[in-house]
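Generate coordinates for the entire structure from the input sequences, incorporating the hints supplied.
Protein sequence lines, in the order shown, are assigned to chains A and B.
FYI, the working numbering numbers position 106 of the first sequence as 106, with every residue one higher than the one before it.
FYI, the working numbering numbers position 64 of the second sequence as 64, with every residue one higher than the one before it.
Worth flagging that the hints you see were computed from the coordinates, not collected in a lab.
One should not assume that every hint holds.
Straight-line C-alpha distance at most 25 Å; calculated SDA-like pairs for lysine to any residue [claimed, not checked]:
| no. | chain 1 | residue 1 | chain 2 | residue 2 |
| --- | --- | --- | --- | --- |
| 1 | A | 105 | A | 12 |
| 2 | B | 57 | A | 30 |
| 3 | A | 68 | B | 103 |
| 4 | B | 78 | A | 42 |
None of the values given here were measured: they were computed from a predicted structure.
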Amino acid sequence: AQSVTQLGSHVSVSEGALVLLRCNYSSSVPPYLFWYVQYPNQGLQLLLKYTSAATLVKGINGFEAEFKKSETSFHLTKPSAHMSDAAEYFCAVSVSRDDKIIFGKGTRLHILP
Amino acid sequence: EPEVTQTPSHQVTQMGQEVILRCVPISNHLYFYWYRQILGQKVEFLVSFYNNEISEKSEIFDDQFSVERPDGSNFTLKIRSTKLEDSAMYFCASSETGTGYNEQFFGPGTRLTVL
Numbered sequence: 001a002q003s004v005t006q007l008g009s010h011v012s013v014s015e016g017a018l019v020l021l022r023c024n025y026s027s028s029v030p031p032y033l034f035w036y037v038q039y040p041n042q043g044l045q046l047l048l049k050y051t052s053a054a055t056l057v058k059g060i061n062g063f064e065a066e067f068k069k070s071e072t073s074f075h076l077t078k079p080s081a082h083m084s085d086a087a088e089y090f091c092a093v094s095v096s097r098d099d100k101i102i103f104g105k106g107t108r109l110h111i112l113p
Numbered sequence: 001e002p003e004v005t006q007t008p009s010h011q012v013t014q015m016g017q018e019v020i021l022r023c024v025p026i027s028n029h030l031y032f033y034w035y036r037q038i039l040g041q042k043v044e045f046l047v048s049f050y051n052n053e054i055s056e057k058s059e060i061f062d063d064q065f066s067v068e069r070p071d072g073s074n075f076t077l078k079i080r081s082t083k084l085e086d087s088a089m090y091f092c093a094s095s096e097t098g099t100g101y102n103e104q105f106f107g108p109g110t111r112l113t114v115l
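This is the structure we're talking about:
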């Protein structure tokens, strides 16, 4: 069975500072990994996804994530936080034979002025 | 840009009542999903639907739940007799193909409150 663990339910960073949201996964087969973002009163929007083509994945809004098999991690980063990045971020995993997505509990990102 | 829509945005019901949550997936998508998120908990898979039948369901999706594609555009989730613990945000999603790496597009959700 697949699962993801997100470290930290709340993360606060100053505007302009590095954003780092942590995600570790568990999967018995090669996984597909995703980061979704949810802005207030909106649905889940895909930020980026790892599908085995490249370990460093670039997404929308300046976010990127690196797949590290040895660490079973898929941490999300952004060099410089912007106020508009304040949202809830979900790490998720899927495998090729399934079409369901398994989500982590989410991390709420707060941006401090 | 095409998007998944859901109605209503908020539904309040009494315990034991039936509710139907509605979704309009993206028009050329063939795979449809329902997920739910109980307040403070993770988003959980409920069911996937393809070619007018359920392709996979979770243990949460018991006999009280059913899904239907009544016409060419809508995809509904029915809860036959709601319980307090059904209170959650329900998300509909759709994708072009049902493979694991394909993006699922999510709707804004319906917040269900069972009193």
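Does residue 68 (chain A) pair with residue 103 (chain B) here, judged by a C-alpha cut-off of 25 Å? 21 Å, holds
Given the proposed pairing of residue 57 (chain B) with residue 30 (chain A), does the C-alpha separation stay at or below 25 Å? Cα-Cα ~22 Å, so holds.
Hint consistency between residue 105 (chain A) and residue 12 (chain A) [alpha-carbon to alpha-carbon, up to 25 Å]: Holds: residue 105 (chain A) and residue 12 (chain A) sit about 17 Å apart, inside 25 Å.
Distance restraint between residue 78 (chain B) and residue 42 (chain A), which requires alpha-carbon spacing of 25 Å or less: At roughly 22 Å apart (the allowed maximum being 25 Å), residue 42 (chain A) and residue 78 (chain B) satisfy the hint.
Checked against the numbered hints given earlier, the structure satisfies every one of them.
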